[in-house]
Amino acid sequence: KAGVTQTPRYLIKTRGQQVTLSCSPISGHRSVSWYQQTPGQGLQFLFEYFSETQRNKGNFPGRFSGRQFSNSRSEMNVSTLELGDSALYLCASSLETGAGAKNIQYFGAGTRLSVL
Amino acid sequence: QQQVKQSPQSLIVQKGGISIINCAYENTAFDYFPWYQQFPGKGPALLIAIRPDVSEKKEGRFTISFNKSAKQFSLHIMDSQPGDSATYFCAASRDSNSGYALNFGKGTSLLVTP
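If you read the sequences in order, they're chains A and B.
Be aware that the first sequence starts at 1, since it is given in my numbering, and climbs by one per residue.
Be aware that the second sequence starts at 117, since it is given in my numbering, and climbs by one per residue.
Be aware that a few hints might be false.
[To be verified] No more than 20 Å apart at the CA atoms, straight line, and that leaves these computed lysine to any residue pairs for SDA-like: (1) LYS158/B with ASN59/A; (2) LYS174/B with GLY132/B; (3) LYS121/B with ASN59/A; (4) LYS184/B with GLU172/B; (5) LYS158/B with GLY3/A; (6) LYS222/B with PHE60/A; (7) LYS121/B with GLY42/A; (8) LYS57/A with ALA145/B; (9) LYS222/B with ARG112/A; (10) LYS158/B with TYR106/A; (11) LYS121/B with LYS1/A; (12) LYS13/A with GLU75/A; (13) LYS158/B with PRO39/A; (14) LYS222/B with GLN41/A; (15) LYS158/B with THR7/A; (16) LYS222/B with ALA165/B; (17) LYS184/B with ASN143/B; (18) LYS222/B with GLY157/B; (19) LYS158/B with THR38/A; (20) LYS222/B with THR38/A; (21) LYS1/A with HIS192/B; (22) LYS158/B with LYS57/A; (23) LYS222/B with GLN44/A; (24) LYS121/B with GLY58/A; (25) LYS121/B with GLU75/A; (26) LYS222/B with HIS192/B; (27) LYS158/B with LEU113/A; (28) LYS174/B with GLY40/A; (29) LYS222/B with ALA109/A; (30) LYS222/B with LEU88/A; (31) LYS222/B with THR14/A.
[Unchecked claim] FRET-style restraints, in silico, Cβ to Cβ: (32) PRO198/B with GLY3/A: 42 to 52 Å; (33) GLN41/A with LEU162/B: 32 to 42 Å; (34) LEU116/A with ALA145/B: 35 to 45 Å; (35) GLY40/A with ALA161/B: 31 to 41 Å.
[To be verified] Take a look, some chain B residues computed to stay more than 12 Å from chain A by CB distance: (36) ILE136; (37) LYS158; (38) VAL170; (39) SER171; (40) LYS174.
What the hints contain is simulated information worked out from the structure, not anything from laboratory work.
This structure is a prediction, so every number in the text was calculated from the model and none was measured.
All C-beta atoms in this analysis are idealised placements derived from N, C-alpha and C, irrespective of residue type, glycine included.
Given these sequences and hints, build the entire structure.
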């Protein structure tokens, strides 16, 4: 079974630009979460999508947004990029079979975004 | 505000030794505590996880010890091997209708020397 696939693996952008990152979850997984990883702040939760609806959101500015499609694939967008947005952006998917289900999140390899 | 605090930041252990990483949390609503292992250039991979109804869980050389009253949990790696050299993250979350966001510790960089 293929794992979580994130594209592209690397991106270089300049300040003020916008960027879109893509995530394909493991087949059959319905929940997709996004995390930002930086050396200073570690892994921080951005948002989570389930059945095309944003279910939870972390403490990030509105420049960070996302969406989920009917096939569970997800995209996240960052507008008006700032230098501090340079990070590894990780996507994770989980099966989620119902209330009390194990929250086993499987991560992709991430997209490394560099903002110049 | 860091909801999960992890220590030490880095750890050097000799081959065959025991690696111990500790985490503490504040939110008593957390009910799922996974440990993730991350190698350079890779995403985190689930290593082992525990729920608060048990005090210990062992899988191979990896053991989680959980102390609910102290709000602390730890990862023990027995017979540490050079291949275990990686960054380890503890995390905590709670089952909720609003999702399962993982709150991560800041990570421990483990180096196992030959």
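Do the hints match the structure? See the list:
1. LYS158/B with ASN59/A: 25 Å, violated
2. LYS174/B with GLY132/B: Distance ~18 Å between LYS174/B and GLY132/B Cα, so the pair holds.
3. LYS121/B with ASN59/A: Roughly 18 Å separates the two Cα atoms, so the pair holds.
4. LYS184/B with GLU172/B: Status holds; Cα separation ~11 Å.
5. LYS158/B with GLY3/A: Measuring from Cα to Cα gives roughly 12 Å; hence the hint holds.
6. LYS222/B with PHE60/A: 18 Å, holds
7. LYS121/B with GLY42/A: 11 Å, holds
8. LYS57/A with ALA145/B: 18 Å, holds
9. LYS222/B with ARG112/A: With Cα atoms ~19 Å apart, LYS222/B and ARG112/A stay inside 20 Å; holds.
10. LYS158/B with TYR106/A: 12 Å, holds
11. LYS121/B with LYS1/A: 34 Å, violated
12. LYS13/A with GLU75/A: 17 Å, holds
13. LYS158/B with PRO39/A: 15 Å, holds
14. LYS222/B with GLN41/A: 7 Å, holds
15. LYS158/B with THR7/A: With Cα atoms ~14 Å apart, LYS158/B and THR7/A stay inside 20 Å; holds.
16. LYS222/B with ALA165/B: 17 Å, holds
17. LYS184/B with ASN143/B: Holds. LYS184/B to ASN143/B sits at ~11 Å (cutoff 20 Å).
18. LYS222/B with GLY157/B: Distance of about 17 Å is within 20 Å: holds.
19. LYS158/B with THR38/A: Holds: LYS158/B and THR38/A sit about 14 Å apart, inside 20 Å.
20. LYS222/B with THR38/A: Distance of about 10 Å is within 20 Å: holds.
21. LYS1/A with HIS192/B: 30 Å, violated
22. LYS158/B with LYS57/A: 24 Å, violated
23. LYS222/B with GLN44/A: 10 Å, holds
24. LYS121/B with GLY58/A: Status holds; Cα separation ~18 Å.
25. LYS121/B with GLU75/A: 30 Å, violated
26. LYS222/B with HIS192/B: Distance ~17 Å between LYS222/B and HIS192/B Cα, so the pair holds.
27. LYS158/B with LEU113/A: 15 Å, holds
28. LYS174/B with GLY40/A: Distance ~31 Å between LYS174/B and GLY40/A Cα, so the pair is violated.
29. LYS222/B with ALA109/A: Holds - the C-alpha atoms of ALA109/A and LYS222/B are around 18 Å apart, at most 20 Å.
30. LYS222/B with LEU88/A: 14 Å, holds
31. LYS222/B with THR14/A: Roughly 28 Å between the alpha carbons, so the hint for LYS222/B and THR14/A is violated.
32. PRO198/B with GLY3/A: 42 to 52 Å: 25 Å, violated
33. GLN41/A with LEU162/B: 32 to 42 Å: Hint violated: Cβ distance 21 Å, outside 32 to 42 Å.
34. LEU116/A with ALA145/B: 35 to 45 Å: 41 Å, holds
35. GLY40/A with ALA161/B: 31 to 41 Å: With Cβ atoms ~23 Å apart, the hint is violated.
36. ILE136: Holds, because the least Cβ-Cβ distance between ILE136/B and chain A comes to about 20 Å, which exceeds 12 Å.
37. LYS158: Contrary to the label, LYS158/B does not stay out of reach of chain A, its closest Cβ about 6 Å off (not over 12 Å).
38. VAL170: 14 Å, holds
39. SER171: 19 Å, holds
40. LYS174: About 18 Å separates LYS174/B from the closest Cβ of chain A, which puts it past 12 Å; holds.
Hints 1, 11, 21, 22, 25, 28, 31, 32, 33, 35, 37 from the earlier list are contradicted by this structure; the remaining hints agree with it.
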